[in-house]
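Residue numbers (the UniProt record's numbering), protein chains in the order written: chain B, 1 to 331; chain S, 1 to 155.
Honestly, I wouldn't trust all of these hints.
[To be verified] Here are the simulated PhoX-like pairs of lysine-lysine, each with C-alpha atoms no more than 20 Å apart in a straight line: (1) B/Lys212 <-> B/Lys3; (2) B/Lys181 <-> B/Lys300; (3) B/Lys300 <-> B/Lys3; (4) S/Lys141 <-> B/Lys300; (5) B/Lys80 <-> B/Lys181; (6) B/Lys300 <-> S/Lys105.
Bear in mind the hints are in silico, worked out from the structure with no lab data behind them.
Each chain is listed here by its residues.
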Amino acid sequence: MPKPNHHIFADGELSRNEGTLRIDTLDGDTEYLPVESVDSLYLHGQIDFNTRSLGLLNEHNVPLHVFGWKDYYRGSYLPKRGQVSGNTIVEQVRAYDNLERRLQIGHKIIEASIHNMRANLRYYDGRRGNFSSAVNELEELKQTVASTASIDDLRAVEGNARKAYYACFDDILRDPFTLQKREYNPPSNEANAAISFLNSMVYTTSVSAIRKTALDPTVGFVHEPGERRFTLSLDIADIFKPILADRVLFRLVNRQQLSISDFEDELKGSLLTESGRMTVLEAYEKTLDETIEHPRLNRKVSFKTLVQTDVYSLKKHVLTGEPYHATERWW
Amino acid sequence: MVQYYHVCRRELWFMSRGIDIDRQTTNIQRGTHVDKTSYSDSRQSFMIGNRIQLDVLDSGDVMEVKVSSTLETPARMQLLFYLWFLQEIYGIEKDGVLAYPTERKRESVELTSETTERVESTVAGILGVVSQDEPPQLEKKPYCESCLYQDLCWM
Ligand code: SF4
């Protein structure tokens, strides 16, 4: 069983107290956090921390993800690699540098991503709208993935799939939530704000999973390494966004656990309030812990483990040439 | 290496490449624990050539410890390898004891012409596996369930 993540919302100070993390909040509370029981630590408030606390996180291999207010994700402090393997990185870069191999991996990632979008639409088809034409369109786009011969073409197919997929959101989401159009910087309305926040959580979940292997998070296959973020994490996140982010959003909105009052308007945009974020995070973390029977592993695995095993599968592929199984929803 | 060769050649290949996955499985911890705690015998550990650690009993026998007798062949081969190594490289002749502390069982192990042949073919086999570019084909083994590489192999 993977360890749980820990989120700190308060404003205050993070420090090290011998072998324990100590959090002093501005309201005068002190909390001690046993670092060995944490998978990844998330800071959501205004928190000062020093190198000694980072050192402790480093010793226990705990990644730290920092979230800001307007731009949800600020950055990560990653522990020094526990897994040093020059071999893995060399093979990863080789796979990246060989267009055929890069495309082969890219195809798997985008096929899985489209498959998982389509699985969501099929679930809601007939319940909240008629999505059969979008389902078919995604199926056809998935078929064309294998024949794309450049990364640009591959990303164009992925872009079209996302467009068809997001076009269904207005029907899936209960009123008054609408997506209209997917917009990021800043998110233009409530649904966009929630998706941005959830997507950044999927991204950090992928960052943490990749850190547990010797793979280099900066060398992605679909995304270009020049981008600002860890491009391999972006690749892996694309597979899991429909499973981990979108489903959480649909459930929260349709069960009315999330309402328009959980957002506040900002200049030209919309943001989750603190209590809105907590609601979303709670649902997200619960989803990470949900388990399903895994047909190849013959045991139950949590969604969090599923992200990890996807990364292992990619690592195995890079090192041995055996097939990479990007996670396609089977349940 | 000898044990891995007899447990799973794929695992041997992964080890030889330094391929590792998150090392937190209970099986590994259990093995180490039994090894460290279950002895009243007086024994001494020797390092040979920086790589091989031998436990030698007061009687002079070389001892190998197993958590349970399920992986008997690998443990026996490991011990035979030590004995063979001592004889080949240092000209020292020793006998061995295979101990299963949790089952309160011991067995003696000797180098004979037949066991020597098995060790030598094992060593040749190991060299064959680690020199391949690809890992040996995946096959389901009972041991997979508790193997460190499970999530790598089957994903
Ligand atoms: S999971 Fe099975 S096949 Fe893979 S290394 Fe372990 S024992 Fe060998």
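Going straight from one Cα to the other, do lysine 300 of chain B and lysine 3 of chain B come out at no more than 20 Å? Holds - the C-alpha atoms of lysine 3 of chain B and lysine 300 of chain B are around 16 Å apart, at most 20 Å.
Compare the distance between the alpha carbons of lysine 300 of chain B and lysine 105 of chain S with 20 Å, and conclude whether the hinted pair is satisfied. Given pair lysine 300 of chain B, lysine 105 of chain S is violated - Cα atoms ~36 Å apart, limit 20 Å.
For lysine 141 of chain S and lysine 300 of chain B, compute the direct alpha-carbon distance and say whether it is at most 20 Å. 19 Å, holds
For lysine 212 of chain B and lysine 3 of chain B, compute the direct alpha-carbon distance and say whether it is at most 20 Å. Answer holds: lysine 212 of chain B to lysine 3 of chain B is near 13 Å, not above 20 Å.
If you draw a straight line from the CA of lysine 181 of chain B to the CA of lysine 300 of chain B, is it 20 Å or shorter? 37 Å, violated
Holds or violated: lysine 80 of chain B and lysine 181 of chain B, Cα atoms, limit 20 Å. This hinted pair is violated, its Cα atoms lying about 40 Å apart.
The structure does not agree with the numbered hints 2, 5, 6 stated previously, though it agrees with the rest.
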